[in-house]
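In order, the protein sequences belong to chains A and B.
Using our numbering, the first residue of the first sequence is number 1, and each one after it goes up by one.
Using our numbering, the first residue of the second sequence is number 455, and each one after it goes up by one.
Read the hints as simulated data drawn from the structure, not as lab findings.
Since the structure is predicted, the reported quantities are computational estimates derived from the model, not experimental observations.
Quick reminder that beta carbons are idealized off the backbone N, C-alpha and C, glycines included.
Just to be clear, a hint being listed does not mean it is correct.
[Unchecked claim] In silico BS3-like links for lysine-lysine, alpha-carbon gap of 25 Å or less:
id : chain 1 : residue 1 : chain 2 : residue 2
1  : A       : LYS185    : A       : LYS34
2  : B       : LYS456    : A       : LYS169
3  : A       : LYS181    : A       : LYS383
4  : B       : LYS586    : A       : LYS439
5  : A       : LYS439    : B       : LYS456
[As the list claims (entries may be wrong)] Derived coverage of chain B by chain A (criterion: at least 3 residues anywhere in the stretch with Cβ under 8 Å from a Cβ of chain A; other residues may be distant):
id : segment
6  : 463-470
7  : 476-487
[What the hints assert, rightly or not] Quick list of simulated restraints, FRET-style, between CB atoms:
id : chain 1 : residue 1 : chain 2 : residue 2 : range
8  : B       : VAL548    : A       : GLU67     : 32 to 38 Å
9  : A       : ILE447    : B       : GLU495    : 27 to 33 Å
10 : A       : GLN5      : B       : THR504    : 38 to 44 Å
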Amino acid sequence: MSLLQKERDVITRNEYADTFDFAEIENFIANAPKELFITHHFKKRDRLLVQPRGGFPTYKKMFELYETFMGADIDVLPLTVDSNTRLNDYAMAQKMLRLSEENEMDMLNGYPLVNHGYRTTRKMITHFNKPVSLRHGTPDARLLVETALASGIFEIEGGPITYMLPYSKNFPLDKAFLYWKYVDKVCALYSKLNEPINRESFGPLTATLVPPCIVIVIQLIEMLLSLEEGVKSFSVSFSQNGSMMQDVITSNVLKKLAREYADTFGSQDAIINLVYHQWMGAFPRNKELSDQLINTNTVIAAMVRADKIIIKTRDEAFGIPTMQCNAQSVANTKYTLRTLKGLPVMSDAEEEENLELEVRALMDAVMNDPADTLWRKVFNTIKSGLIDVPFSPHIINHNAVITIRDDQGNIRIIDKGKLPLPDRCFAYEKSKVNLPESKTEVINKIIHDIGAML
Amino acid sequence: MKVVTGVVGNDIHVVANRLIDISLQARGFEVFNLGVNTSLEEFIDAVVETDADILLISSLNGEAEGWCRDLQFLRSEYNLREDVIFVIGGNLAVGEAKQDDIIPKYRSYGFDLVFHQVDLNTGLDELERYVKERA
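Using the sequences and the hints, build the whole thing.
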């Protein structure tokens, strides 16, 4: 028995999980309908796939949510898990699930997938016969992902950096790398049986003035970490930045470099997709204005030629949306996309060149670290502040980089901390902004820039 | 002057914490930022360790009260310097609450300055004024 299989046996033997029958699961995946694989839909490249977020505690309500989404002609169904599952606290999830079932009240902010188990969940997923995407935020997602794949969920979001630096204060980053290595290995293993399993990174990070070069570098790194374990389909992603031009050049540079780095590292056969998130910062408390923001985002997703868009709802400022509101948002987005024709191809040569130079400099810093494996190189680079995510709560993150918006809404770096940016790139960034004299005014401007869509 | 700051309790709201850090530095303070998810005991430990003049606790999720009740007790247990200034600010109650109810309550826990839903720079201006008066 392989070492990985031994580990899988240990991980899946859990009192809150189903008893795993790996032979049966392999058989299920090998014979699963193509419709369940998002990779099958990506291959056609005939439209921008629309996916909302969503998860309710009970099977019954989750089923209703999917039925409601099907009425809106949805492309990709979401399965968002609850916060206890994200922290591997299955006992609490169990308790809250029972309370939700008994009282017809939602005591969890998502679907406790491990507790429901794969045998039950698979019935729902095969019933609707649509691709399902797993949305979570879990540093140790090993059991969760085993359960998801066995259920017929063939797209797994997350990664050791993007599910760690924005969400956690002190979960050990080195452990996260190893736990996600397991996830990638299992995804790669199942990818040989049918259509490939798709892995997706979470590009929005803290969604708080993160400069494009940091987003792209982290997307490339998580992509390479997955590909090196044998993953054959990977989605890089980013969210609306606040400047349409910066969104366009982020997309252009990200697409170009993702393909280039994948090829250089021997994954010419891997499929790379682009996912665009609608605005991930604070939404206005006015629902009509929220609809406008969402619509603008849909236009940009089409402009940047994304393969999938992850949408928000007009209820964003108020909490978890109702299923009707969520489905309406799907229908609205699909309508906008249907009416958008003949989009021009856009670019800005100077901006693109600058961004590409920045990304290459940061990637060189990672690759030149003397450690022996990629994940250790990345770990060292984050630890020493050569990669630094603005507004991350994690203790390992340096938080030395300071960014601000220029007159066009572009995010510019005004303090580079330890980022190894070439001098000319940093000079270019700084030349774009006129900073107020007083530091207090600068800070007031940063506060204003964070809430750009309020 | 040295300031220890951070977000108290199971609260991960980091944006304001970073802005407080930058703002204090811009005003010339030496800042020791413990970040989010910090317990009161960790704060007091840091005040002792850094010999800080000010402890500035922030909270956004409204749960600060339960985490800060023991300030007087910890203050005497740790034998802190008499002149350390204790400040708390942010959103200091779950749901709606009146300034008139909240400020006296937190004062009674041992805070010298209490800012409930007060703009960051207004609060820091007042802190600087308070420091000057005390000197």
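Status of the hints after comparison with the structure:
With a C-alpha separation of about 21 Å, the suggested pair A:LYS185 and A:LYS34 falls inside the 25 Å cut-off, and the hint holds. Of the pairs offered as hints, the one joining B:LYS456 and A:LYS169 holds, with about 23 Å between alpha carbons and a cut-off of 25 Å not exceeded. This hinted pair checks out: A:LYS181 and A:LYS383 have alpha carbons roughly 19 Å apart, not beyond 25 Å. Between B:LYS586 and A:LYS439 the CA atoms are separated by roughly 21 Å; this keeps the pair inside 25 Å, and the hint holds.
Only pairs whose Cα atoms come within 25 Å are accepted, and A:LYS439 paired with B:LYS456 is accepted, the gap being roughly 19 Å. A count of 3 residues in the segment 463-470 of chain B with a Cβ less than 8 Å from any Cβ of chain A is obtained; the coverage claim is therefore met, three being the minimum. Here the segment 476-487 of chain B counts 4 residues with a CB under 8 Å from a CB of chain A, which clears the bar of 3, and the coverage holds. For the hinted restraint 32 to 38 Å between B:VAL548 and A:GLU67, the CB-CB distance of approximately 35 Å keeps it satisfied.
For the pair A:ILE447 and B:GLU495, the supplied restraint of 27 to 33 Å holds, since their beta-carbon distance comes to about 31 Å. For A:GLN5 paired with B:THR504, a C-beta distance near 51 Å fails the hint of 38 to 44 Å.
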